[in-house]
Structure formats: structure tokens, C-alpha cells
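Undergrad: Okay, here's what each chain looks like letter by letter:
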Amino acid sequence: MSTFSRRLLRWVIRCSIGACCASGVGAALAESAPGLGVALSEAELQATQVSIMPNGDGLPPGLGDAVAGQTVYQIRCMACHGEEGTGGINDRLVGGAGSLASSRPIKTVGSYWPYATTLFDYVRRAMPYQTPGALDDDEVYAVTAYLLYLNDIVGEHDAMSATTLPLVRMPNREGFVRVYPD
Amino acid sequence: MPNPLTPLSAAANGLMHRRLFLKAGAGLVGGSALLTAQPAAATRAAWMKAPGRPMSRYGAPSEYESSVGRIGFGVSQPGTTGSGASRTPLEYLNGVITPSGLHFERHHSGVPDIDPDQYQLLIHGLVERPLKFNLESLVRYPMVTRTQFLECSGNSRALLNRTAAPLGCGEIHGLVSASEWTGVPLSILLDEAGVTTQGRWLVAEGGDAAMMSRSVPLAKAFDDALVALYQNGERLRPENGYPARLFLPGYEGNMSIKWLRRIAVTARPAMTRDETSKYTDLQPDGTARMFTFDMAVKSVITSPSPGLVLHQPGLYQISGIAWSGRGKIARVEVSADSGKSWAEAALDEPVMSKCLTRFRAAWRWDGGPTSLMSRAIDEAGKVQPARAAYLEDNGPSTSYHCNMIQAWHVASNGDVTNVYV
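Which chain is which? The protein sequence lines are W and V, in order. Under numbering that gives the first Met the number 0, the letters of the first sequence match residues 0 to 181, in that order. Under numbering that gives the first Met the number 0, the letters of the second sequence match residues 0 to 420, in that order.
Derived from the structure by calculation, the hints contain no laboratory data. For clarity, every value in this text was computed on a predicted model and none was experimentally measured. Ideal Cβ positions, reconstructed from N, Cα and C, are used throughout, including at glycine. The reader is advised that the hints may include incorrect statements.
To be verified - On the chain V side, residues computed to face chain W include the following (Cβ under 8 Å): (1) Pro184; (2) Ala209; (3) Met210; (4) Asn253; (5) Pro283.
As the list claims (entries may be wrong) - What follows is a set of in silico ranges between Cβ atoms, one per label pair, in the way DEER data are often shown: (6) V:Ala266 <-> W:Thr85: 34 to 40 Å; (7) V:Thr80 <-> W:Ile74: 17 to 23 Å; (8) W:Ser31 <-> V:Arg18: 41 to 47 Å; (9) V:Pro77 <-> W:Gly132: 20 to 26 Å; (10) W:Val66 <-> V:Ala164: 43 to 49 Å; (11) V:Asp284 <-> W:Gly132: 50 to 56 Å.
Only chain W is shown next, with the shape it has when bound in the complex:
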């Protein structure tokens, strides 16, 4: 894209939200930017673990079903999240269907989370708490499948993969009202 079209885009973005007041300062400062960013190589880009998007962008190769996931869960997750995702010392992961409008809402993966891809993304980046990154991609797919299975969202032998996971329709998918953008 040309310099002119980049500037045009910036102008469009800023004016569309009425944020023109800040652009003057930023634009003036940009004139003295030293341009020290170093190009990322293709190898570095390939090695970068990216965020998983709801449409599946970023999902790696691999697969796993609930049967395999149960084993992973019992070894890696159960101590904190309880047997079958409830009754643990940390976040409850299973159940709560139909409770959101009650006086005691129970927010779990099954009752509240709008996207199944979020589960893969979060487990891969942050779990298990003491040893994040310890699960390989097959194990993350498997434990994702197991938690979806425990919430009656997929079958016991439904393998989760880059192809199937984005197609999973979460029960609370339509439960969110976007405040931004209007």
C-alpha cells in the first residue's frame, strides 16, 4: 500500500471515531521516528504462536477427542478444576446451563463461553497453571474436546481439529450484546 493510502486510512479511522484531537501530536512526533524496527523473517513469523480467531485462523495441525482428553484432564487439570470440571478449587468449567438469567448465574465454558476456539487458545497459552505450554497441540485439542463433551456440546468421539473446532456452536453464542463498536 502506498504512503498516501496509508495516511488516508489513518485519517478515515481517526475521523470515524472523532479522535482527531490526538492525531496532530502523533503525526508531528511520527516525523521524528527513527525507524528502528527490524523486519521479522519468514521463519520468525512461522515460529510465532498466534492468537486463535473464532473462524479458526491460527489453529495448528493436530487433533484429539474426548476419550483422549479425559486422560489429559485427569493428569493435568483435575487437581484444580475437579472431577469432570466441577467441584474443584478453581474455576468451574462444566454445567450452569440455563442459569444466566437467574439470581445465581453459573458461568462456565458450557453455559457462558461464546466461542469454542477461545478454549483452545486459552488452554494452550495459560494452562496448566504451574506449567503453561506443557501440553502439545494434540493434547490441547483433546482436552478441549473433553470439556465440550462434558458440557454436552460434542460427542465422545468427535475429534477436534483446525477443521472441526471452529464449526462448534456454543450454546451461549448469541448471548452477548456488542457495546463497541455501536
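On the provided structure of chain W, position chain V as indicated by the hints.
TA: Frame of chain W, contents of chain V only:
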């Protein structure tokens, strides 16, 4: 000029006109009751009889202030050491800057120990030139300084309890702090990478063990987002993102990703765990509001507040902080009769956009029981809601963005407690 010791009344139950502060100065009003208590120094005090300590490498608070510290530190859910929050002891502070060591903390997997020589910030995704920056490079970029607040959107959640919890000011409201932040406008780095026409959002990721990540509208990035490197004049403290953090003025604190390591420009939000299962606002009908980024207009009286006992009737200065994620504070009003009448408070200058603003009001306590309240109005005209109005709009099951008016009850014996009025 009116005699400052016989001031004009501005509202019921002893609240005085704010011009006392504007014209006579706060010291005259607040100090009058104390003047008689000071004994004349007839002899040298112990600390005046010999030279004091020499200079020190890095100063620390007076040892007599050693009881002042973050509230609730060291408390984590079992099995999640390092996760959790600590709060700013608001009731022991004044002015608007939070000392860096007292800035609230909210960590999702502890504080990482990042070697600045190995630090890298990646910018990739929908850009023409994916780039990496090291710290040595970043500090050569043009920087700006802004004094602004940061507030966790779970702040003040205790006010949603069915009954008023016996908590103090910092315990309830201490997930807000203000600092002077210095850093590189994110727009400069994004321009260098060259955002493509498809770019509408970015996903920011931290370098902690949880790799905390949030999606941020690109419009915010080009408005006033900073890659902050300095806090209150020195390099960021580790618990505030050393060596570099995202700082998004006025937005819920969770989005100002600490230990910033990666920014991916995207067409849509990533729907990360912390912007879906957390930090969304459940409504009574079971739906949830998503992407409620702005922190709403809010204020709280820091003094008097629980733990600060009023020992005798007389003149006191009511003081507190007000803030809005949508700009400057326009006005703060204070009530000393449980919300029946209100007087305008004086505001410490300068009043800064998206920063804490210190307010003050003179109050003559007659020794009777009453409740003290404050309400803030921002430059957008938004008014801090009463508790009932807040609950009417949001329901009891929401757990973020609580900005309802707070009330402190003053008992006849001078004890101050959290109450609902």
C-alpha cells in the same frame, strides 16, 4: 473577603462553600482545631541534637509510615500462586499520583522476571512490514508523558454485596491508581509497520506465563495508546509491566497489557478468554454486554473513611478522588446528610483528562451520626449514579464497571463505616 473561620454554608449538616479553598486555602480551615494541641518546643527534640542519617541510594518511606502498604497482597486462589490482586491504600494517600510501589496489582500468572536485553516487541498480522523492536530501539522513539488513572473494571465490586460489607476505602476501591506514564505513542510503531486497509483491531499479548491477551480497537491504538516505558519518572516497576506495557487511557485496566511482547493487527477481535468469559457484563435477562471498554465517571471519599476515626466534633476536610474514562471531571458534589443536600467541592488543579482529580470540602461535624457521600460529573455530562439507580440499570449479577455512589456512615463516637443509604 469572608472570615475563613465563619464560612458560608453550602449544604446542610455543616458543609461549607468551596470558595473557602479557592480563596482562603485549605490549611486555615483544616488546621484550626489542631493549632491549640501543639506544645511549644522549649528544648531540642531528640532528633535535633545530632546530625541525621546520610544520603541514601534509593529512598524509602519514613519508618513511621511502615504500616502503609498494598492491601491484600499475597492472597491467591489455591494452586495459583502469583495470581490475584493487591489494592492501593487510598485512605492513606493524598494528591492524585499513586506512589509506584503502591500502585494496585492484578496478575494472572505472577510477575515475570524479564531480562531487558532479551526483550522484544513484535508487530505483525495485517501490516505491510512485520517488525520487531528491542528495548534499546524503543527508547530512541519520540515519547510523550501523560498523567492518567488505571482502574481494574472489577474495582468496587464489594458494593454489589446484598448487605454493606465492613470494608475500608482501599479494600473496596483500591483497584484504581494514577501515575505519570511516559512512552512511545503506539500509532508511531503501527505506522512504521504499515497497517493494511483490512486492519480494524489489534490483539495485544503479554510476556507473563499466562500470556494475557486482549483485543483492542485500532481506533484506540491510533488515538491515545502508549507503549509505556516509564512510570512516575523511572522505568516501569516489574509488577506494572517492566520493561514495556500497553497503556490505554480510560479503558478498563485489563486491556493495558503488561510485559507487552506481541501485537497482531487483525480484522476482528480474537474473542480471548478475558474478553468473553471474563470482563463481560452479565445483565438480569441473562445476556451480557461485551466490549464495555470505558471506565465510567466515579468518585469516592478517601477521608474520612473507615479506620480514620473522628476524635471530636469540629472542622474537618472531606477529601477524595474522582475520575472518568471519558475525559475530565467537571464537578464533584459532596453530601453530609446522607444525600439529601449537596455542595460543590473544590477541585485541585490541574484537572486532567482521564486522571484522578482530588476534591476537597470543608465540613463542620456537629458530633451527630450522619453519612458522607460524593458524586462526580464528567465533562461529557455523565453523572455518577446512586446505588439504586446503578442496580436498576445493571442488575445484581454484573461484576464489572461498578461506579455507584459510595456512602460512609459517621457514628457519634467518630467511627466510620461502609453503609448503603
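Undergrad: Taking the hints in turn, state whether each one holds.
TA: Hint by hint, here is what the structure shows:
1. Pro184: holds (5 Å)
2. Ala209: Status holds, d = 4 Å.
3. Met210: OK, holds: Met210 (chain V) within 8 Å of chain W, min 4 Å.
4. Asn253: Violated. Min distance 14 Å.
5. Pro283: At 7 Å from the nearest chain W Cβ, Pro283 (chain V) passes the 8 Å test, so the hint holds.
6. V:Ala266 <-> W:Thr85: 34 to 40 Å: Given range 34 to 40 Å: holds, Cβ gap about 37 Å.
7. V:Thr80 <-> W:Ile74: 17 to 23 Å: Given range 17 to 23 Å: holds, Cβ gap about 20 Å.
8. W:Ser31 <-> V:Arg18: 41 to 47 Å: holds (45 Å)
9. V:Pro77 <-> W:Gly132: 20 to 26 Å: holds (22 Å)
10. W:Val66 <-> V:Ala164: 43 to 49 Å: Given a distance of about 46 Å, which is inside 43 to 49 Å, the answer is holds.
11. V:Asp284 <-> W:Gly132: 50 to 56 Å: violated (39 Å)
Taken one by one, the earlier hints fail for this structure at numbers 4, 11, listed in ascending order.
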